[in-house]
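> Sequence:
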Amino acid sequence: MTLFITLYIVGFLRTLVIIAVIYFGFRFIVRYLFPKIIDKGMKNMQQKMQEQQRQQHPKRPEGEVTVENRRSSNRNNQDNGEYVDFEEVD
Numbered sequence: 001m002t003l004f005i006t007l008y009i010v011g012f013l014r015t016l017v018i019i020a021v022i023y024f025g026f027r028f029i030v031r032y033l034f035p036k037i038i039d040k041g042m043k044n045m046q047q048k049m050q051e052q053q054r055q056q057h058p059k060r061p062e063g064e065v066t067v068e069n070r071r072s073s074n075r076n077n078q079d080n081g082e083y084v085d086f087e088e089v090d
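Each residue of the sequence shown is one higher than the one before, counting from 1 in the UniProt record's numbering.
Treat the hints as calculated values from the structure; they're not laboratory data. As the structure is a computational prediction, the values presented were derived from the model and not from experiment. Beta carbons: idealized from backbone N, C-alpha and C, even for Gly. Any given hint could be a false lead.
[As the list claims (entries may be wrong)] Restraint-style ranges between C-beta atoms, simulated for each label pair:
{"id": "1", "residue 1": "Asp90", "residue 2": "His57", "range": "56 to 66 Å"}
{"id": "2", "residue 1": "Asn44", "residue 2": "Phe4", "range": "50 to 60 Å"}
{"id": "3", "residue 1": "Gln53", "residue 2": "Val21", "range": "45 to 55 Å"}
{"id": "4", "residue 1": "Val10", "residue 2": "Gln46", "range": "23 to 33 Å"}
{"id": "5", "residue 1": "Phe28", "residue 2": "Arg54", "range": "34 to 44 Å"}
{"id": "6", "residue 1": "Gln52", "residue 2": "Gly11", "range": "35 to 45 Å"}
{"id": "7", "residue 1": "Gly25", "residue 2": "Met45", "range": "42 to 52 Å"}
{"id": "8", "residue 1": "His57", "residue 2": "Val21", "range": "27 to 37 Å"}
{"id": "9", "residue 1": "Arg14", "residue 2": "Lys43", "range": "38 to 48 Å"}
{"id": "10", "residue 1": "Phe28", "residue 2": "Val67", "range": "36 to 46 Å"}
{"id": "11", "residue 1": "Asn44", "residue 2": "Glu82", "range": "54 to 64 Å"}
{"id": "12", "residue 1": "Arg31", "residue 2": "Met1", "range": "41 to 51 Å"}
{"id": "13", "residue 1": "Asn44", "residue 2": "Phe86", "range": "52 to 62 Å"}
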């Protein structure tokens, strides 16, 4: 009978230790490792975005002025239709 009680207590303590290890391991991962992984990913993404920005807009020498005009000349030649003057109805 004492053997069964001893085995029961040992099994119970073993289960508690396993639960505690899992709990503290999870807390360690969430508190310390997860933020480091997220920071590394954010820095990597930031570097990629900066690289894309540099490729789209090459660095110009200081003092150089450029005007980028994207208006189309067809806009002024379009017929917008006939103007209709509306009257208020009482």
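> Hint by hint, note whether the structure agrees.
Status of the hints after comparison with the structure:
1. Under the hint 56 to 66 Å, the C-beta atoms of Asp90 and His57, about 58 Å apart, fit the expected range.
2. Range check, Asn44 to Phe4: about 57 Å between beta-carbon atoms, so the 50 to 60 Å window is met.
3. The hint said 45 to 55 Å for the Cβ distance between Gln53 and Val21, and at roughly 46 Å that hint holds.
4. With their beta carbons about 52 Å apart, Val10 and Gln46 fall outside the hinted range of 23 to 33 Å.
5. As the Cβ distance of Phe28 to Arg54 is approximately 39 Å, the hint placing it in 34 to 44 Å holds.
6. Roughly 58 Å separates the CB atoms of Gln52 and Gly11, a value that falls outside the hinted 35 to 45 Å.
7. For Gly25 and Met45, the Cβ-Cβ distance of about 28 Å falls outside the hinted range of 42 to 52 Å, so the restraint is violated.
8. Checking the proposed 27 to 37 Å range against His57 and Val21 shows it is violated: the Cβ atoms sit about 53 Å from each other.
9. Judged by the Cβ atoms, the range 38 to 48 Å given for Arg14 and Lys43 holds: they are separated by roughly 42 Å.
10. Our hint of 36 to 46 Å for Phe28 and Val67 is violated, since their Cβ atoms are close to 57 Å apart.
11. Asn44 and Glu82 have their C-beta atoms about 58 Å apart, which keeps the hinted 54 to 64 Å range intact.
12. Checked against the given bound of 41 to 51 Å, the beta carbons of Arg31 and Met1, roughly 45 Å apart, stay inside it.
13. One distance hint, 52 to 62 Å for the beta-carbon pair Asn44 and Phe86, holds here, with the actual separation near 59 Å.
The structure is inconsistent with the numbered hints 4, 6, 7, 8 and 10, although it conforms to all the rest.
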